[in-house]
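Asks: Using the hints provided, position chain W relative to the given structure of chain P.
If you're matching them up, the sequences are chains P and W in order. At position 163 of the first sequence (counting the first as 1) the number is 163 in this note's numbering, and the numbers step up by one without a gap. At position 143 of the second sequence (counting the first as 1) the number is 1143 in this note's numbering, and the numbers step up by one without a gap.
Keep in mind the hints are simulated off the structure, nothing from the lab. Hints should not be assumed to be uniformly reliable.
In silico EDC-like links for lysine to aspartate or glutamate, alpha-carbon gap of 16 Å or less [to be verified]:
1. W/LYS1124 <-> W/ASP1149
2. P/LYS145 <-> W/GLU1006
3. W/LYS1195 <-> W/GLU1102
4. P/LYS48 <-> W/GLU1201
5. P/LYS145 <-> W/ASP1003
None of the values given here were measured: they were computed from a predicted structure.
What follows is each chain in one-letter form.
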Amino acid sequence: MDETARAAYAEFATARWGALVRAGVVLGCDHHAAEDLAQATLVRCFVKWSQVERAHDRDAYVARVLVNLHRQGRRRRWRDEVPSEAPPERLVESDAAAVDDLEGVRRALLCLTPEQREAVVLRVHLQLPEREAAAVLGVPPGTVKSRLSRALSRLATEPTVIEMRGGRQ
Amino acid sequence: MTDDTEQRVIALIDRIPVAGAPVADLVREGVRTRQRRRTRWIAGGAGSLAVIGIVTAILMSGSDASRGRDPVPVASDSPTATSTTTTPAAPLPIVEGRWIVEALIGPGGKPVLDDRWRGQVWLKLENGHVTGDTGVNSIFGRYEQGGADGEDLVFLPDKLGTTLVGCTDSSGANCEPPLLDRLLAVRHVSQVGKKVYLHAESWMIVAVLRPAG
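With the rest of the complex left out, here is chain P (with noise of 0.2 Å):
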């Protein structure tokens, strides 16, 4: 991978990032291995950066990466560390404002089987069309779009989002 290339990896990383760490929570996962399985994702990306550039849609391919490594972690425990020399800049654990917030989150989407949730992932925060998320789910759209609608069905009656306002501008 020449300069130029890992400059729009670590763009593409970067513009990325919390879109994954977030998916991982609402997968399911605590705030570390969502980090990890965001992490495992973008390194995928990495050594697949050819591929992830003549993607017809990255988002789709990416989320595609970061479902399939949520559901072979879920068969056995989740250990794909990657190293580092310096532990990351936290905003989390000094913040208990945000702990609160991740918490509440977690809460809220306990009411969510597993399916639901990677529907909600994709459709809702990652705002894939309907035959994408099916594509990366390996499920006809009518399955994502019913599984979708079981899970705004639950999640209209969890009284944090009911608490919630607005969305995303």
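Replies: The following block gives chain W in isolation, referenced to the frame of chain P:
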């Protein structure tokens, strides 16, 4: 109501706190992973050429003895189970043991193990050494398991050999299960319950193994 809920869920997810992206770590680990894979591919390519040469040499020799069921040495200077001096990668318990090959998937994604061979095709993996039976021929060789959690598995092509008993059906076509070919495609391994799944580079399942006995 659904759209409203969706907006609220988006707002909820966006509240999840996130630290800065460890880009330098990602690049470093990516480079390391690439190097590991490149080394394996180079070894694999050289090994494939060696296997072709060895099989050709054995076919050319054409002796009756070489068609017996006893394992044929892949090359006089090839390491064997007793003569090898290289240390295999630290073996992990996930693949060690004697396994019945329950399913074998071809490159096109279709099963290639006929019902008639079911239960007859097996593999034994132990301390980096593999032995087995295709139902027709014995196979023998070496494997390496690695990766952060033991998910990488390769059968070393230059250390993999087989006996050469012929097996043809009524039409004269080769009917031996292509176990050796499929093992050469294996790059990863995973385990669900007692079953072990061998995967290709793309994580497509190549073989499903269940414990023997």
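Asks: Indicate, hint by hint, whether the structure satisfies it.
Replies: Hints and how they fare:
1. W/LYS1124 <-> W/ASP1149: 21 Å, violated
2. P/LYS145 <-> W/GLU1006: Since the Cα atoms of P/LYS145 and W/GLU1006 sit roughly 13 Å apart, the hinted pair holds (cutoff 16 Å).
3. W/LYS1195 <-> W/GLU1102: 9 Å, holds
4. P/LYS48 <-> W/GLU1201: Cα-Cα ~11 Å, so holds.
5. P/LYS145 <-> W/ASP1003: 13 Å, holds
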